[in-house]
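S.K.: Next come the chains, spelled out residue by residue.
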Amino acid sequence: MEISPKTIDIELLKKRMISPDAGAYASFEGWVRNENEGRRVIRLEYEVYDLLAVKEGKKIIHEACEQFSVINADCIHREGVLEIGDCAVWVGAVSPHRNEAFLACRYIIDQVKIRLPIWKKEHYFDGDSEWVKCERCSEGISI
Amino acid sequence: MKKKITVCYFAIFRENAGTSQEIISTEAGTTTDVFKELVHRHGSEEPLGHCKVAINDEMADWDSLINDGDTVLFFPPVAGG
Chain A
16 MEISPKTIDI ELLKKRMISP DAGAYASFEG WVRNENEGRR VIRLEYEVYD
66 LLAVKEGKKI IHEACEQFSV INADCIHREG VLEIGDCAVW VGAVSPHRNE
116 AFLACRYIID QVKIRLPIWK KEHYFDGDSE WVKCERCSEG ISI
Chain B
48 MKKKITVCYF AIFRENAGTS QEIISTEAGT TTDVFKELVH RHGSEEPLGH
98 CKVAINDEMA DWDSLINDGD TVLFFPPVAG G
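Chains as they are written, first to last, in our numbering: chain A, 16 to 158; chain B, 48 to 128.
These aren't lab readings, by the way, just hints derived from the structure by calculation. Glycine included, C-beta positions come from ideal geometry on N, C-alpha and C. It cannot be assumed that every hint is accurate.
Unchecked claim - Using C-beta positions, here's what the derived DEER-type ranges look like: (1) B:E105 - A:D141: 40 to 48 Å; (2) A:E60 - B:T53: 41 to 49 Å; (3) B:E84 - A:E60: 27 to 35 Å; (4) A:I33 - B:D80: 51 to 59 Å.
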């Protein structure tokens with residue numbers, strides 16, 4: 016688990032996942048898109064409390080490895096200012112067969128979104144900006 | 048007895064407070080007491096139930112006790128990914 020201020024090097028991460036007993040590699044990339052709830056977004060800004068984000072992220076990856084018996088899993092989340100099309104988060108998992116890798120990826124990204132101390136500010140075309148609130152994150156799920 | 052604690056703010060809380068951290072003197076006993084005291088001072092529309100709190104880099108509860116010298120971190124609703 017890493018928090019990165021720089022562009023995510025997906026090829027490098029993928030190489031790190033290679034394992035002789037892996038028959039499947041599944042990954043997820045979250046990209047910055049140009050619209051949210053009808054508003055034109057021009058860029059995003061991520062604020063991260065690194066120390067606890069890494070600690071909690073490692074816990075999530077460990078849970079996924081245990082639950083889905085994957086060989087390896089990892090996640091990188093960006094911090095700072097991101098432009099449209101940038102990769103904000105990458106999740107990868109390898110397992111002997113595809114199902115476990117898919118499930119682990121899904122679990123990790125879902126948990127990352129609700130448990131990590133990461134905040135997203137949207138900057139809009141009209142010059143306004145706003146911190147994004149996600150509905151599920153407000154359900155009181157504790158870290 | 049008054050305690051001296053460090054409070055850290057993130058995202059919208061940081062913007063509302065105008066600082067990322069401050070040292071305060073308080074008689075608050077729990078994290079909830081401190082949160083309420085600071086909402087009163089800095090203003091916030093976030094219900095406490097939507098937020099999280101940590102003490103000295105360990106996640107805490109809203110009834111956790113505050114000790115002199117603690118660092119209390121208030122997290123507004125998160126939105127990663």
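S.K.: Starting from the hint list further up, note which numbers the structure goes against and sort them upward.
M.R.: Those not satisfied come down to hint 2.
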